[in-house]
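Colleague: We have chain A already, so just place chain B on it with the hints.
Protein chains in written order, with this note's numbering: chain A, 1 to 239; chain B, 1 to 250.
One should not assume that every hint holds.
As a list, the in silico SDA-like pairs of lysine to any residue whose alpha-carbon atoms are at most 20 Å apart [unchecked claim]:
| hint | chain 1 | residue 1 | chain 2 | residue 2 |
| --- | --- | --- | --- | --- |
| 1 | B | Lys46 | A | Asp228 |
| 2 | B | Lys46 | A | Tyr233 |
| 3 | A | Lys37 | A | Ala103 |
| 4 | B | Lys46 | A | Arg122 |
| 5 | A | Lys88 | B | Gly236 |
| 6 | B | Lys46 | A | Phe126 |
| 7 | B | Lys46 | A | Met127 |
| 8 | A | Lys37 | A | Ile180 |
| 9 | A | Lys88 | B | Ala122 |
| 10 | B | Lys46 | A | Lys37 |
| 11 | B | Lys46 | A | Arg237 |
| 12 | B | Lys46 | A | Asp54 |
| 13 | B | Lys46 | A | Pro238 |
| 14 | B | Lys46 | B | Phe86 |
| 15 | B | Lys46 | A | Arg239 |
| 16 | A | Lys88 | B | Leu15 |
| 17 | B | Lys46 | A | Met123 |
| 18 | A | Lys88 | B | Arg123 |
| 19 | A | Lys37 | A | Asp54 |
| 20 | A | Lys88 | B | Asn229 |
| 21 | A | Lys44 | B | Asn229 |
| 22 | A | Lys88 | B | Ser120 |
| 23 | B | Lys46 | A | Pro229 |
| 24 | B | Lys46 | A | Ile134 |
| 25 | B | Lys46 | B | Phe111 |
| 26 | B | Lys46 | A | Glu235 |
| 27 | A | Lys88 | B | Pro119 |
These are computed hints drawn from the structure, not numbers from a lab.
Predicted, not measured: the structure shown is a model, and the values here were computed from it.
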Amino acid sequence: MIDHFLLKLRARDEIPPDEEEAIRAMFTEVIEVPADKTIVRAGKELDFSTLLLDGLLCRFKDLRDGSRQISELHVAGDFADLHSFSLKHLDHSVMALTRCRLAIAPHDRIQAVIRAHPHLGRMFWFMTNLDAAIHREWVLSLGRRSALGRTAHLFCELRLRLGLVGLADETGYKLNLTQIDLAECLGLTSVHVNRVLKELRERGLVEFRGGRVTIHDLPGLERAAEFDPAYLYLERRPR
Amino acid sequence: MTEALQLHLGAFARLTDDDRARLARIAARHVREIGPRRDLVREGEKPRAMILILDGWAATYKQLRDGRRQITSFLIPGDPGDANVFVLARLDHSIASITPVRYAELSQADFDALVVESPSIARALWGHELATASIHREWVLNVGQRTAFERIAHLVCELFWKLEAVGLTQGFRCDWPLTQADIAEATGLTSVHVNRTLQQMRREGLIEIAGRKLAILNLARLQCVASFNPDYLHLGGGAADLGSSSRQGQ
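Bound conformation, chain A alone (with noise of 0.2 Å):
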């Protein structure tokens, strides 16, 4: 059920089979919910983490005129709220852009695993940088990147994040979001998204259609995307 979240981990460290069993023992529930379901609120008061086992999340932001700014996706085996841990009510909102299988971690439990295991506390530290470094390389994006250029490096970091829990290989993966999504990760209207797509298309580095991400030259993308894993940590090393 957690597998995808253990193998994000064990990318980065060793995680002996104590760990995991206190990790496993975290979880309490497992639910579904439809796409577009806001699963946390800004502000609302949080007493639990949760863990995406299946599906596509998002943290976003909205400003008062509605429009919408997508902060990072989630994939499965990422904690949406790892953060809610300690920030106890979060500053953006997370919603479901595909239907979802969700594993639920009382923060008590957490906070009893960390204690037990101060290994374990690290890597989930650790987590949460990891997000912290995904929203700079985003900053990086918008502020300075093309709409060719930002497009390109998501399709990018989604490839190697996807397939460090197995759901990329070399060729591509399933992408299940609208050209709305798109435009709302990378701050274009979805016209200017379509434009972009087709240009990849046109240049023969990728194609993005029926829910499918399909690389044809994966290192003519990163080239145009000016992508360096670097902010990704895939380093497994011990933390």
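Modeller: Same frame as chain A, now just chain B:
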């Protein structure tokens, strides 16, 4: 010297007198000074030390190959660089001074001892990290959706509240060492566009910048045009008190 640091971390966990003494001690161990516009740490380096800003302003930034630069956050007195930086093999961003900066360096051994000896400081540092991620999220919203005018107004509000939380404002005034190029790099705009927008803000009676000082002339209206809600700064105290905040120690 470490008041700002204690005030900043105190927003995330209740610190005892022992904790405060510990912070003061550790921040005095390896103090360095660096002139303006210099790199403290560089992207791609192996982290040597955790940084605590004692005095002055700095920025974290990332750069594309052709030199286009994006500032991803500003650091003011009391701000740690990345806490727990040692879990990372290589840094994914650089830190550069804006003014002359005095800062403390903590070795991994210092850091490990600090978080083992004081669970409150550990919780405060993690809390700080999460607030940093929260500020990054707000910046994604800023560069993704806000207009130039709103972006700059938002940045001004953010820095004002951060400075206020560590006692570095005088009424509605504070230091403002940022150039128009810095603002441009933080907001994804050109310097020319920043210049035009700042003039417009002055004409509208919102802010005034002169001699490296900022005066906010109408904070309520500035926050309103920026859609600014200080909640995301997780300052814990008065600043975040706009209704939806209900921080609790745990």
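Colleague: For each hint given before, does the structure comply? Return the numbers of the non-compliant ones in rising order.
Modeller: Hints 10 and 12 are the ones this structure does not satisfy, whereas the remaining hints hold.
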